[in-house]
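K.L.:
One-letter residues, chain by chain:
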Amino acid sequence: MLPGEHLLSVLIFFPAMGALALLLLRGDDHKFIRIIALIVSLAEFLFSLLVIPKVPIGVPGYHLEEFAKWISQPPINYHLGVDGISLFLVILTTFLTPISVLASWKSIEHRVKEFFVMLLMLEVGVVGVFLSLDLFLFFLFWEVMLIPMALLIGIWGHERRVYAAVKFILYTMAGSIFMLIGIIWLYNATGTFDLPAIRVLLHTPASQGGLELSSSTEMLLFLAFFVAFAIKVPLFPLHTWLPDAHVEAPTAGSVMLAGVLLKMGTYGMIRFCLPLFPGASHRAAGWVAALAIIGIIYGALVAMVQPNLKKLVAYSSVSHLGFVVLGIFAFHNISMQGAVYQMLAHGISTGALFLLVGMLYDRRHTFEISEYGGLATPMPKLAAFFLFVALSSLGLPMLNGFVGEFLVLLGTYQQHWQWASWAALGVILSACYLLWSYQRVFFGEITREENRTLPDASAREKWILVTMAVVTLWMGIGATFITSRTAAAAQNVIDQVEPQRPYEAAAPNGATPQAKRDSSSAAKAISSGRLGIR
Amino acid sequence: MPTDPMLEYLWIIPLLPLLGSAVNGLFGAKWPNKIVNGVAIGSTGLSFLCTLEAVREFFESGQVLFHKEFFTWIAAGNFRAGFDLQMDQLTVVMVLVVTGVGWLIHIYATGYMAHEGGYYRFFSYLNLFMFFMLILVLAANYVLLFVGWEGVGLASYLLIGFYFLKKSASDAGKKAFIVNRIGDFGFMLGMFLLFRAFHTLDFQAIFTSSTLQGWPVELSGHLGTLTFAGLLLFMGACGKSAQLPLYVWLPDAMEGPTPVSALIHAATMVTAGVYVVARSHVLFAHAPTAMLVVAIVGCATAFFAATIGLVQTDIKKVLAYSTVSQLGYMFLACGVGAFSAGIFHLMTHAFFKALLFLAAGSVIHAMGGEQDMNRMGGLSKKTRWTYVTMLTATLAIAGIPPFAGFFSKDSILLSAFESEIGGHTTGYALYGFGLLTALLTSFYMFRLIFLTFQGKPRFDEHKVHVHESPNSMLVPLITLAVLSLIGGWLASPTFWGGTDYFARFLFPVFGTGHHPVIGAASQIATFSTTSTPEEQYTEWVFATIAVCTVLIGIAVAYWLCLKRPEKADGLAKSLKPAYTTLLNKYYLDEFYAAMIVKPLLWISTNVLWKAADVTGIDGAVNGIAAGTTAIGDGVRHTQSGNTRSYAVWVVIGAMVVIAVIFFWPSGGKPVLGMLP
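Chains A and P are the protein sequences, given in the same order. For the first sequence, the working numbering gives the first residue as 6, with consecutive numbering after it. For the second sequence, the working numbering gives the first residue as 12, with consecutive numbering after it.
Wrong hints could be hidden among the right ones.
[Unchecked claim] Straight-line distance between alpha carbons at most 30 Å, and here's what the computed DSS-like set of lysine-lysine pairs gives:
| id | chain 1 | residue 1 | chain 2 | residue 2 |
| --- | --- | --- | --- | --- |
| 1 | P | Lys392 | A | Lys467 |
| 2 | P | Lys41 | A | Lys386 |
| 3 | P | Lys45 | A | Lys467 |
| 4 | P | Lys474 | A | Lys467 |
| 5 | A | Lys386 | P | Lys177 |
| 6 | P | Lys392 | P | Lys474 |
| 7 | A | Lys386 | P | Lys45 |
| 8 | A | Lys386 | P | Lys178 |
| 9 | A | Lys467 | P | Lys467 |
Don't read these hints as lab results, they were simulated from the structure. Remember, predicted model here, so these are calculated numbers, not experimental data.
Assemble the whole structure, with the sequences as input and the hints as a guide.
P.N.:
Spelled out as structure tokens, the structure:
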């Protein structure tokens, strides 16, 4: 099977086929199941790399688009496409899945087959979310992704796993409902679920056949989408499902949760909230930024005093994702690129932190920091990796965390220096909680006898960690490989959200080439009846 | 073949130590010490040689600024941060000090650390430090400088906490990193502000931009962009260079092995703040208020740290406070516009302070690990080389001619006196405190010498086997002693028969900028190699005053420590409150712990986490869930399965419908069409 022009479909359905194959397997040979899962996820990763050359540098808009009618009435289409932003989020997902498979190699002992099926189905949902350009399709994948994640937590989790799984699913569903309402409202108003078409209609004056929303309607629609995304991010104060979900989830679950699921929220803000509702985004920006800054500082402070290592990492995610949201709502192309970069960097470094915490748990079956201490003596290699990852997480230059954080703050500062100044406090606090917890876990004399004989990193663990470390370093030094590809997409989002939107700013008949092309293609689509606008 | 091969490949200079670090870090664990030595000393030594070649090429090409972009590191929008290196006169001084002194200390460390565990780890960290420090001084833009800036902080963290089994060591490492981060917070904001004003963070692009040329001087009272930017950068400098109020990490950093204290916490890393201020001198020149703050903070730190140094008994702690104090001098120099004097003091200080620490290490080595000066004494006979070299360094730091410190300190004090940066009165006050600090310095340094090397041994000579250190430690000591003696002659003032070569050398860096207001810097702005007899006379007077002050300090130290030691105890008793305050470093650490650390932890735990997060937000979430359950539970009872109760519900429902139809306030109109 060679992925050609249907590369994106392949990316979505290949793991599903892998999952199906696993389901059809008879017998219970755990090793075989693991190897199949690994091969499938690795192949998926390689497929995703093939997308990179298909997204040309400097060209905004969607590439590798696929369009097929799915349901004629209401007109729901199978519409996929990738741009610079979703490209790397997809690669992040396909990269973290084989890592998660490897991380679960030894620690998942019962219902092995089901576990890997769920992991692959999760990949299907997440990749689908990042590639969908049809609101209905997007919503479908958004919900599809929930089930395997909740089951991963609920079946293979720790003591309070059911509580955490239910909390996770209800929290997310509560947000999804608003989004569903928003989607249906938009369908009623426009007669289509197609994201590019809706965007063009919303950016076209009513006199030219577009859809102009009243300011309160726009705000309500913005909020409907925003709340769903904010819960996913999670934005303060909607974050309390996260610590529970993380602490109870198995390592692979935490890696996927922190690594990619949270990014679905920030991705949604970039893809839907800003381009579709620029006016409301502007009016809400101050409030959103305030919540993001509170999240940065609050998340860091609460992380600092956690006695539970995994909860500490979970709260640190609240803090880091605050930077992402701030970067998005500063409406500056530098901070927007920083936000995208921070999404990727956080996926790698927090993913790695959860892997390391999981490795400690595999040895001692506890997350309590007080149960550890002096671990650098029995396990120097693990200690070195942990420090490396902690440094990347606290934003040391030349490692991945710095680039995103720096760009977010730099860009935000250009627009609102007060926001950036407050948010920059997070830079100090992240050093506090990471170095303090590192000291308590790894430095000093060994305080508990059972820790004295703990084994250092095994070959499998070393492979996982070396891979993560190499990516961390590469992202810290070779940032331009990614930023050059995200630049056009980020700029595109900024152009759409800026008050002087192209069609308003330009000459008498009111369109820059970009907007013209968009609206003309929309007009063509409308006339061809493809979208079925009433 | 390029004309300047080494300059074209300038990146090799930092890369060599990085390779050394990586090789030792990855493979060194299994190697014998000799190979680790070879890699560590080889890489830094080679880097030093490359530096010499690069400097030679720089001189040969007529001393013009060399600038080269190697690759783009980050790019977004109109922002670009490149891996760009540059070399000018200031870089030459810094890079020579870093590689030269760094190499000597590497050699010394092979002897000093020979019996320690984690040998490869130590040298891997030390080489890593060299890499980042070289990036810092070679960088051609603020962002790359920040890479080195944070990187040396990391190396410092690793090396302070080298003995990680000791809680005090890992505490000190963590403290150093976090306090530095507080400064870096300011540094980052400073960068953001500069980017907003100039749309670039490249040194040359900012300093030579037309925006800056046309920038009005932000006179005192007017807090403009450049004043803020200068102050924010200075905040970073305060963290890195241990100035008030962020100096608290440096004394604790003495937990690290002594070669680390010499290299990182005396000679190189802590001077990075001074370097940044000097590098940004064009910005500061437009912001006299920022310069005044720099001068005052520097002077206050110099004095404040010197007073603490008076009473410390740990030999390394004395040197640590002395470092803080000397860094204060450098900032004082920068603050009054005498940037070349500040950089000159940075260089001489690197020589004599590295020497002091290395010699102190040799003493500690000789004493079998003892650091308390109260348990030393009379070591001069058994450790002759250590004694002679340490005495040289002490004479240098105290400021006795013709040792290096005399020249650098003298020119700083003179510049402070002549400064018009905050009016003449401020200049006199800065001079006065500077002179007083010189007095204190000579006192505590000679106190150190007398307590350690003179008098009778105050330890059990049968238990402690005092021995001179091996050659690998002595050779660096002697080399640095020579430098401490002659290093100052580079800037010997005119009356001394010299031509102040150093200031003339740095003139292209500090002289060409746009210096609208600096009073004292007028001497730089119109650089002349000759001075009038009047100026010579002034210089003589100031030199004499300074030397006399220093001699008084030495005499007092001699009297209190050797002649009448009981008087010292008596003095300590009669001034008990002052003495204990000094001994406890003005309780600043305790103040921070009580006012910031503890409240923050308490609020985070009890208010933010337990009250707000668990009880408040999550309580509300669980409350909604519980409420939903309760409602469902209540409604559940209607589904009893009992036909009669269903019939009752049907009747009730029918009555409600009818009531709505008839009594709904619909303005007399019938609600349902079928009703008349």
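K.L.:
Taking only the CA atoms, is the gap from Lys467 (chain A) to Lys467 (chain P) under or equal to 30 Å?
P.N.:
Violated, at about 57 Å.
K.L.:
Holds or violated: are the alpha carbons of Lys392 (chain P) and Lys474 (chain P) at most 30 Å from each other?
P.N.:
Given that 30 Å is the threshold and the Cα spacing comes to 18 Å, the pair holds.
K.L.:
Is the Cα-Cα distance between Lys392 (chain P) and Lys467 (chain A) 30 Å or less?
P.N.:
violated (54 Å)
K.L.:
CA of Lys45 (chain P) to CA of Lys467 (chain A), is that 30 Å or under?
P.N.:
holds (28 Å)
K.L.:
Assess, step by step, whether the Cα of Lys41 (chain P) is no farther than 30 Å from the Cα of Lys386 (chain A), and give holds or violated.
P.N.:
holds (14 Å)
K.L.:
Just to be careful, I want the Cα atoms of Lys386 (chain A) and Lys45 (chain P) compared with a cutoff of 30 Å; is the pair within it?
P.N.:
holds (23 Å)
K.L.:
Next pair to validate is Lys386 (chain A) with Lys177 (chain P); report whether the Cα-Cα distance is within 30 Å.
P.N.:
Holds, at about 20 Å.
K.L.:
Holds or violated: Lys474 (chain P) and Lys467 (chain A), Cα atoms, limit 30 Å.
P.N.:
violated (48 Å)
K.L.:
Is the hinted pair Lys386 (chain A) and Lys178 (chain P) satisfied, with a Cα-Cα distance of at most 30 Å?
P.N.:
holds (21 Å)
The structure shown violates the earlier hints numbered 1, 4 and 9.
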